[in-house]
Structures are given as structure tokens and as C-alpha cells.
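Q: With chain C held as given, fit chain W onto it using these hints.
Chain order of the listed sequences is C and W.
Note that our numbering gives residue 309 to position 309 of the first sequence, counting from 1, and the numbers run on in steps of one.
The number in our numbering is simply the position in the second sequence, starting from 1, with 792 added.
No wet-lab data here; the hints were simulated from the structure.
Here a beta-carbon is modelled for each residue, glycine too, at the ideal position from N, C-alpha and C.
None of the hints are false.
In silico lysine to any residue, SDA-like type, Cα no more than 25 Å apart, as pairs: (1) K654/C with K953/W; (2) K654/C with W936/W; (3) K27/C with W957/W; (4) K27/C with T889/W; (5) K161/C with Y90/C; (6) K821/W with D33/C; (7) K901/W with Y30/C; (8) K161/C with S784/C; (9) K331/C with T159/C; (10) K7/C with W957/W; (11) K7/C with K901/W; (12) K901/W with V527/C; (13) K953/W with P667/C; (14) K901/W with D33/C.
Sample of chain W residues with no beta-carbon within 12 Å of chain C, all distances over it, derived: (15) Q875; (16) K961; (17) A964.
Computed footprint of chain W on chain C, listed as stretches where at least three residues anywhere in the stretch have a Cβ under 8 Å from a Cβ of chain W: (18) 18-27; (19) 659-672.
What follows is the residue order along each chain.
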Amino acid sequence: MALDELKIGGMGASRRRVEDNRFIRGKGRYVDDVVLPGMLHMEILRSPVAHARIKSIDTTAAWEVPGVRLVLTGETMAARNLAWMPTLSYDTQAVLATDKVRFQGQEVAAVIADDPYIAKDACSRIVVEYESLPAIVNPVQAQDPNAPLIRDDKENQATNKIFDWEIGDKEATDRAFAEADVVSTVDLHYPRSHPSPLEPCGSIADYDRATGKLTVYMTTQAPHIIRAAVSLVAELPEHMIRIISPDLGGGFGNKVPVYPGYVISILASILTERPVKWIEDKSGNLISTGFGRDVYLQGQLALRKDGKILGMRMHTVSDHGAFYADAQPTKFKIGLMHSTFAAYDVPAAHLTSEGFYTNKAPGGVAYRCSFRVTEAMFFQERMMHAAANDLGMDQADFRRVNLVKDDMFPYRTAFGFLTDSGQYGKCLDVALEAIGYDTFKEEQEEARKRGKLLGIGISTMTEPLGAGNSREYDILGIKMFDSAELRVHMTGKAILRTGAKTQGQGHETTWAQIVAHELGIPADDIVVEEGDTDTAPFGMGTYASRSTPVAGAAVAMVARKIRAKARKIAAHLLEVSEEDIEWELGRFYVRGNEERGVTIQDCALAAYSNVPDGLEPGLENVAYYDPPNLTWPFAAYVCKVEVDPQTGVWDVLKFVAVDDCGVRINPMIVEGQIMGGLTEAYAMASMQYITFDEEGNCIGSNYMDYLLPTAWETPGFELHEVVTPCPHHPIGAKGIGECATVGGPAAFVNAVMNAIEHTGVRNVDMPLMPNRVYEALQTGQNVSGMPPVKGD
Amino acid sequence: MTSLYEEVPAEVPANVPTRRVTVTVNGEKRTVDVEPRLLLAHMLRQALQLTGTHTGCDTTNCGACTVLFDGRPIKSCTMLAVQADGHDVETVEGLATASELHPIQEGFKQEHGLQCGYCTPGMMMASKALLERNPNPTEDEIRWALSGNLCRCTGYQNIVKSVMWAAEKMRAEEAE
Numbered sequence: 001m002a003l004d005e006l007k008i009g010g011m012g013a014s015r016r017r018v019e020d021n022r023f024i025r026g027k028g029r030y031v032d033d034v035v036l037p038g039m040l041h042m043e044i045l046r047s048p049v050a051h052a053r054i055k056s057i058d059t060t061a062a063w064e065v066p067g068v069r070l071v072l073t074g075e076t077m078a079a080r081n082l083a084w085m086p087t088l089s090y091d092t093q094a095v096l097a098t099d100k101v102r103f104q105g106q107e108v109a110a111v112i113a114d115d116p117y118i119a120k121d122a123c124s125r126i127v128v129e130y131e132s133l134p135a136i137v138n139p140v141q142a143q144d145p146n147a148p149l150i151r152d153d154k155e156n157q158a159t160n161k162i163f164d165w166e167i168g169d170k171e172a173t174d175r176a177f178a179e180a181d182v183v184s185t186v187d188l189h190y191p192r193s194h195p196s197p198l199e200p201c202g203s204i205a206d207y208d209r210a211t212g213k214l215t216v217y218m219t220t221q222a223p224h225i226i227r228a229a230v231s232l233v234a235e236l237p238e239h240m241i242r243i244i245s246p247d248l249g250g251g252f253g254n255k256v257p258v259y260p261g262y263v264i265s266i267l268a269s270i271l272t273e274r275p276v277k278w279i280e281d282k283s284g285n286l287i288s289t290g291f292g293r294d295v296y297l298q299g300q301l302a303l304r305k306d307g308k309i310l311g312m313r314m315h316t317v318s319d320h321g322a323f324y325a326d327a328q329p330t331k332f333k334i335g336l337m338h339s340t341f342a343a344y345d346v347p348a349a350h351l352t353s354e355g356f357y358t359n360k361a362p363g364g365v366a367y368r369c370s371f372r373v374t375e376a377m378f379f380q381e382r383m384m385h386a387a388a389n390d391l392g393m394d395q396a397d398f399r400r401v402n403l404v405k406d407d408m409f410p411y412r413t414a415f416g417f418l419t420d421s422g423q424y425g426k427c428l429d430v431a432l433e434a435i436g437y438d439t440f441k442e443e444q445e446e447a448r449k450r451g452k453l454l455g456i457g458i459s460t461m462t463e464p465l466g467a468g469n470s471r472e473y474d475i476l477g478i479k480m481f482d483s484a485e486l487r488v489h490m491t492g493k494a495i496l497r498t499g500a501k502t503q504g505q506g507h508e509t510t511w512a513q514i515v516a517h518e519l520g521i522p523a524d525d526i527v528v529e530e531g532d533t534d535t536a537p538f539g540m541g542t543y544a545s546r547s548t549p550v551a552g553a554a555v556a557m558v559a560r561k562i563r564a565k566a567r568k569i570a571a572h573l574l575e576v577s578e579e580d581i582e583w584e585l586g587r588f589y590v591r592g593n594e595e596r597g598v599t600i601q602d603c604a605l606a607a608y609s610n611v612p613d614g615l616e617p618g619l620e621n622v623a624y625y626d627p628p629n630l631t632w633p634f635a636a637y638v639c640k641v642e643v644d645p646q647t648g649v650w651d652v653l654k655f656v657a658v659d660d661c662g663v664r665i666n667p668m669i670v671e672g673q674i675m676g677g678l679t680e681a682y683a684m685a686s687m688q689y690i691t692f693d694e695e696g697n698c699i700g701s702n703y704m705d706y707l708l709p710t711a712w713e714t715p716g717f718e719l720h721e722v723v724t725p726c727p728h729h730p731i732g733a734k735g736i737g738e739c740a741t742v743g744g745p746a747a748f749v750n751a752v753m754n755a756i757e758h759t760g761v762r763n764v765d766m767p768l769m770p771n772r773v774y775e776a777l778q779t780g781q782n783v784s785g786m787p788p789v790k791g792d
Numbered sequence: 793m794t795s796l797y798e799e800v801p802a803e804v805p806a807n808v809p810t811r812r813v814t815v816t817v818n819g820e821k822r823t824v825d826v827e828p829r830l831l832l833a834h835m836l837r838q839a840l841q842l843t844g845t846h847t848g849c850d851t852t853n854c855g856a857c858t859v860l861f862d863g864r865p866i867k868s869c870t871m872l873a874v875q876a877d878g879h880d881v882e883t884v885e886g887l888a889t890a891s892e893l894h895p896i897q898e899g900f901k902q903e904h905g906l907q908c909g910y911c912t913p914g915m916m917m918a919s920k921a922l923l924e925r926n927p928n929p930t931e932d933e934i935r936w937a938l939s940g941n942l943c944r945c946t947g948y949q950n951i952v953k954s955v956m957w958a959a960e961k962m963r964a965e966e967a968e
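Looking at chain W on its own, in the form it has when it is part of the complex:
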């Protein structure tokens, strides 16, 4: 039976298969019993209470649910939790330390790269993947790298600036 919800049904349904999965989430090993059909986004949000990963469209279009899977950006609404067994997942909650924001987070705040905030975690995770492979991207490279993530509020111009801001800061930190 799924361990997602605190309330246990009065009659436990028979024949609901579960699988035990262990996923390294933001550097910490987490183990959950899940139904094989459970989506990774739902495991993150409900079982692990990491609600920073949002679900927007259910069809892999909007990118609000983007997380890093072994360092690559994937849309967690169309990956099964069981597929993540033994893998490494990084979510928005893993970006900042207790005392310090990640430069990407700072960049989004400084350059007004967000309004309602719903697409922001996915945007930031996709940006992180970009900057890790390309520390000095052009505007076109940023726009292309984020073209799997929809934003309905900002018009993207300030998101591009936010990523530029972060890239510059990360390069400066690297040089130190």
C-alpha cells in the first residue's frame, strides 16, 4: 500500500503492489514504499514533503516540475518514482544552504525574474543544469536551454537577465 497519506483506509485494498525505492534527494538518502505507478513529482511533493517542485500541466510541457536527475534536468511529472530508485535527485530545496542563497536564487531576486513564483523552481533547476555545463552562456543559449519551461508572468526577459547575473557571480566565485 502507498505510504503517501497519513490516513490508512479502513479496508486495506488487496493486491496493491508496492516497491521500496531509495533515492538520494538533495544529498540525503530517502526510502519510500510506493505504488509502481506513482509519479516522481508526487513522491517528492507528498511523501517527502518537498512542495517546491510544482506540477503544472501533467504532459511534460510546462516544466514547473523540473528537477535534476543525476545532474540532468528532467520533468518529474512524467517519470515514475520507481525509475528514480538508486539515483540522485536535486530539487529547489537543495539550492540554498541555511545561511546562503545559491547565485541563481540571488539572480532571480535581483533581476525580478519571477512574479507568481510557480514556474520559478523549475526555471532555476533548468538554469543550474545549463550553467554547470556552460558557465558563460549567450542570451540565445539561455533562451534555448529554458525553452522547456513556461512562464506566464515575466515575458522571460528578466529570467534571461537573472541567469546572466548568476553566471557572472558564479564565474567570479570560481575565479576567487
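Excised from the complex, chain C in its bound form:
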């Protein structure tokens, strides 16, 4: 008599999305759709230059524009101790510049006016006198002993270096290299990229002097962290701050940090006592908000002749822009870069990292990845590709020799991570079979005779998703756990709230499916709410693929708490002891007498109308979930391309993705996440990057210069699945949102390299624009992406 789980929209159902009902009618509610009575509008004046001393700012003419209510500069912010704010990586960042501007696009002044057009007009009337300084646009320049000091505002900051960091066992790694038959080397640049959600950032601050309460509508992926940050920065009591993150038009990591615009709009509302709306334009978003990547990746593998990896060395040099504002766990200066090679059995490894300030926008955000793992896995798979070639081994065979085997779990990596489950070899086999790997080499030779260049590229990887556990992972000291609150009403309907924040991932649909799975309440009877700090339980938000691993687990756990209480009520209703009660989906019954039972809805009604003595009434609870470990999904991506030798243009002939993300709650949504991620991977491999000229001008400040793939360029993807449940997650799920973005780029690049490496070229840095591929084909030389880049 148990319910049919798929019929009630439980686990495994490709349930159509609840949130779509409003989005397809144009009734989503994004920050810019919110209109408050008496609302003013804010515009930010940005620096046109990358590095300059501010000699003077004259706002007189701006004040004279009719409709202008307030003009703010660094000086007015400084008078309230708000000219600088803390970043998520224990650095400071200018809110409005006082002394210098340190990157093009930095916030210099703000105008608050009756409408956004007036505010823009008035911004253009502000006169700023700059004394220009040489711009530093890459870490090489930053290290020059004669380089100007970018952060002269900081005490004890004598150079442009931010950190030196290392992890691993240097001695053991050195020994491995001493014993190696072959040493393989790569030297790569992972270019700066911008997550670029279609909706830019924005906020509406609404300070009510009568109640002392500040309400802020904000484009944020992590509302509770923002509440704490606003409390610290604006010196307002935390209980008088309400952050509401309404519908978000994408995030991809871009909407994790605290941006100056948010802080300025808050002060403007406090000063004007009116709601102040700030909506960034696209250029503002692209040139000033958190970018991803911008890391130089150098490394070596120590190899035995038979293909066994003996050791791995890696050195990263990262460009963090003018303020170290990375969003990442406190302990790790370069994120989870040391998750590199986690899929392979590597006995010894050593990683060293250096980070530098430059005159570029701050904030190495995790762009659709779990804290720099995109760089880690790109390095890993480009290194694997080069090593297989150096050994003269087949790419798939070389990976098979070194992948962690199914019987080796739990497996401790050389850097100390614990991977716990997977069928790596099987995933690879499924992918190779689907792409026709066995016959590819003949196909390639045959095509080459006809003047066609075919290539195949493999990328296999596992990545750490779903921080924390809280022993290891915190941001600014706040432990990385998450939460869910479930209220079951007397008619058996329910509301669920979590500390996560959906940006398109479909939480409103999938969280209800987890509750349906645990309680047998149909998913359609459960409404899901997120993003309002006054109502949602405390959580760390959505990024790093942590929603399902952490908040999703909390949903299962709170439902189990509810079920435990419902069991007591059922025993009371059935007049038997609790031990004699059995559970099947949606229903308790008396052991040995299946006919005698009560539904979860019966129990819900009784919780409000017929509670046994000694039991609290009501059927509501909260769970806080601190995961015992990260989750480790695995992916095998294989790509087949054809390169046109006349132009350097390459086309994807076929792309196969095999993902093992454990148990899939909603397969339709999981596949949507994978296809979206693969498209961003294709974007980074083929066209999407932000670079700078010698003067620090951002090349890529709008969508005419910053290329994003359209439906026309984007290839089709063939998806397959392997399921290895996560051993510690309550429903066996692993993170998935970012796997494809993380593992995908190397598959594309390895494929193009495979097509052209007969010319002797070992590497072309991303993006593989046709001109770069053409140059490599013509010269047989590597093509570096080291900025400043000319001619792209």
C-alpha cells in the first residue's frame, strides 16, 4: 500500500520545475523588478584608468543637476568609516576610492537621484583629476623590483606579493623525481574569465528610521553571510538587518562577494531615509566584480616507464587584482588547488603557490567551481595528456594505469583529501565506447591523408564538492554547514526553508522531492522558500556545488526528525507501542497487521488536534547539517574535434559526458546542470576570456568584446550516467553543478592539441581562438596566453 514514489514526485522523478510557472509568464521577481514607494536611484562613477593618484574630486556640478538628492565620494564614506571594507579573504577593499584608484572600473563616486537617467547625467558632471601611475597587469610585472607598490595603503606591505603558500611533502616528491624514468612538464595559463550571469548585480537598500530596521534586496548567493558582513561594515545590529535575495538571474560565483555598490546604497538609504536602488550595468559588472581564474600553472610528473606516476610537483602564480577578495575557505590561500590529481594514485606530491596584487579588478571568485578546482583539474588533465605523449602511451591506457581503483576506497590523496567512492574505470569505459575510441586512430590517419585534422581529447576527474565539513572549512571564521526548516501544517501540506539560495538550480523543485522521499508527502504539497534572512534558518548559501551535499542533506535530516515525531503520534493513534510501528512511504502501520495504519497526513492533523500526553504539539523542526566529508563526484569527458588547417577553426564532432554524481534526485535537472556546465567549459576553451592591454584597460568590458557562445556555436552533448552513491550523504547524492565546467575545458583542449601536435606543438593556451591554433600549426611552436595579449 506504499505510495508510488515517482507518482508523488519523489526521488528519481524528472519532475517539471515549480519555479518555471512564474518564469515562463515573465512573473519572476528579480531585484530590478522590485519597486518601493519613494525609491531613489543610484549610479556609480568608475575610474577610467587602472592606476592613478586622485588629486581632486569636484562634485559641484553634479549637485546642481535637478533631481539629484545625494552625491557620495570616498571622503564622505571615510567620515563614516566606510571608505574601506573587509574582503572574504582577510584583506581590505576600497568602497569609494580616497587615495588612489587601483584598477580600471574602480568605484570613485556615487550619485543618488530621482531616476536612473538623472543619476547617470550627474555622474558625468563629476570632475576627477588623476595623476597617472604605471599599471601592473600581470604577476611578472608585479614582481619587478622597480614596480610601483599597488597597496601602499597597507602597513607592512612592502611588495606586491600577497602570499606564499605550500602543501604536500617536498622531500618525498623530490625522491620520486630522482627515481623517475621520465619527467614530463607543462607550463599553462588559465586566463581570467568572468562568470557573467545575464543579470548584473544590484541592491535596494531600505532603511526605516522609525523602526531602525534595514531591509536590503540584493543579488546574493549567500544572504546570511551578507547579513553578518553588513552588520560588521555598517555597524548595525544584526537583528535589525534583513537581507532578501529574490529571484537571481544566474550567479555562477559572481554573486558571492560583498560589492561596494551594496554598501554605498545602504549608506545612501540611511542618509536619505528613502529606499535606494542600485542596478549595475553590464560593463560595470564585467570590469569590477569578481572574476575567475587568472592563474599560471606549472608542473611536472615523475613517471616510471610502464606509465605509473611516482610523484607530482606543481607551482601556481595567481593574479588577484588590486584587492585579495577571493571567496574561499580561510585555511587555503589558493582555494582547493591541492585537490589536483585526486582521481589518480599518486604517492607523493608537492604544491607551492604565490599570489600577487595587480591593477585589475579584485575577487578570484569560484566561477562555477569549488574554490579553484577548475584550475586544479585543468592542470591535471593537461599534465596527463602531455605525460602520456611523452611516454608514448595511449591516453586511455595511461589513465587506466593511474586512476584510483574501485577497491582502493576510502583513498587518502597525497595532499590529504579522503575520496570515498566511485567507479572511475567504468565511467571511462562507458565514455570511450560511446565515442568510438577503438576505431578513432584509424579514422584520424585516414582523415589526415585527406588533409583533415581530427583529434580526440579525454578528461577524467573527481573533484571535492560541498564544503564543509566545518573542521576544515570556514569563511571568515563562520563554519561551513547548512540548514533546513520544515513546517508540516495540520492538513499535511508543508513549507520548507533552507539556508541555501537557488539561482536557477531548481531548489524549489528538488528539495520538495527529498521531503516527498522521506515522508511520502506529495512534492506538490510542499512549498520551498529561500533567500530571506528573517525567515530562513542560518546557512552559508549556494556556491561550490554545496546545496545538495549540505543543504540537501539537511532537508533529509529535518524530514527524518519530523518522521520520528510522527511515529510517536502514529503509535498513539493506533494504540500500540512505538516499537510495534512500521514505516512505508507515506504511512505507518502496525507490524503484522498492515491494514491497520495511519498516513503521514493523519499524523499531521493529530499533531495539532490529538497529541499524546507528554508530547509537544505541532509538527515543525529545524536541522543543521555539518557533513563528515566533501562529496567526490567523478566525470569522464571525451571530445572529438576537427581542425581546419587553413584557418585554425575547430568544430566539435562529438562530445560524450559520463557523470557519476551518486543518486540523482531529479535526473532532468541534473542533466540540465551538466549541459550548462559543458557549455561554459566550451566557452572557456574556445572564446571566453578577459584580458588587459599594457595600460590596464580591460579588453572585454561588454558582450561585443567578451564573447559568450550562442546557440549557434555551442555543440550538442551526449550524456551518460554511472551511479555510485555517496557513502556518507543521507540520500547518497554528490554535488554536480560544477563538474562539467571543471572537467570539460581540458577535454576540448586535449582534443584540439591531439589534432595538431604532430607539428611538434605541446600547448596552446586557452581560449583556443582560431588565430592561436593557426599560429601553432604554422610554427609548430607553443602559443602562450601571457598578457598583455595582442592580436586576439
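A: Using the frame of chain C, we list chain W on its own:
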């Protein structure tokens, strides 16, 4: 003076020219006094409170603001409101009736053609224009017709399927 915002400035700025425009929006005549520089997207969103039309890039690249202008898809972030005077504009809010979704809306839901929803109204309007001139498009024709609209979430594959789904339903309805 612009009629966009409820709050009237204390000192009304002198010499701000306005034009009265009448636009048929989703079949209904709407009249607004606008500054000549006001963008059509902003008139739709603020004066007419049709916030389903989103602005993404301000440079005619992303297509989030796509509406139908006399039946043709245009990007309303780079058209002035005064240019729409006397014309016919159709937005996402005009797709469904009170009781029934348009097949394109159904298609996007059935085939998971959206995630964050920000590009969706523009995508659906561009799809509508395509299906009106080509009721049985190939995958390539759909991809080409939507190449002026960016999506950062889906990877387009399911958007293509959504349009295929809608096309089939519309042809079936036509045949009835």
C-alpha cells in the same frame, strides 16, 4: 517631465522635453508621456510595469529584452520609446491567456528549457517570431534564429528541444 516614477522632484527641472506616445502593447492601447531619450525596455518595465522584459547587457547582445515589434523580434534596450509610437509591441506577458499557456511556454517547461529564467522571456519571444514564419524548423534553423539571445544556464540543447516541442504542438493545433 517623465512620468516614470511616482515621486515628483521638489524642483521640477525646466526644459525637459516630453513626447506623448501611444503603443499597442499585448493588444491594448497604452499612452505614456516620455522623455525622447527613454528606452523602450524602460518604458515597458517601469511605466507599464511589464517587468517580464529584462535588460541584460545594454548593447543589443544578450537578447533578454527581446519583444515583438509589429511581429518582428527586436531588442527593446536599444530602441527608443518614441520610435514605438503608433506601433504594436508584444511582450512575454501577452503569451498566455488567463487559463491557458502558449505552446512555447509549455514547451520550455516540459523540456527544461530554462534555469534562472532571466533569458527566458526574450528566448520565447524570438522563438515565437521563428515559429510564425517557419512552423516546422530544423535544429539548425532554431539555433540560428536564437543566436541573438544568450543563455548562461542551459547550454541551449534543451531550448532547442523546447522550441521543437512547441512547434509540434502548434502544428497539431493547426491541423485540428
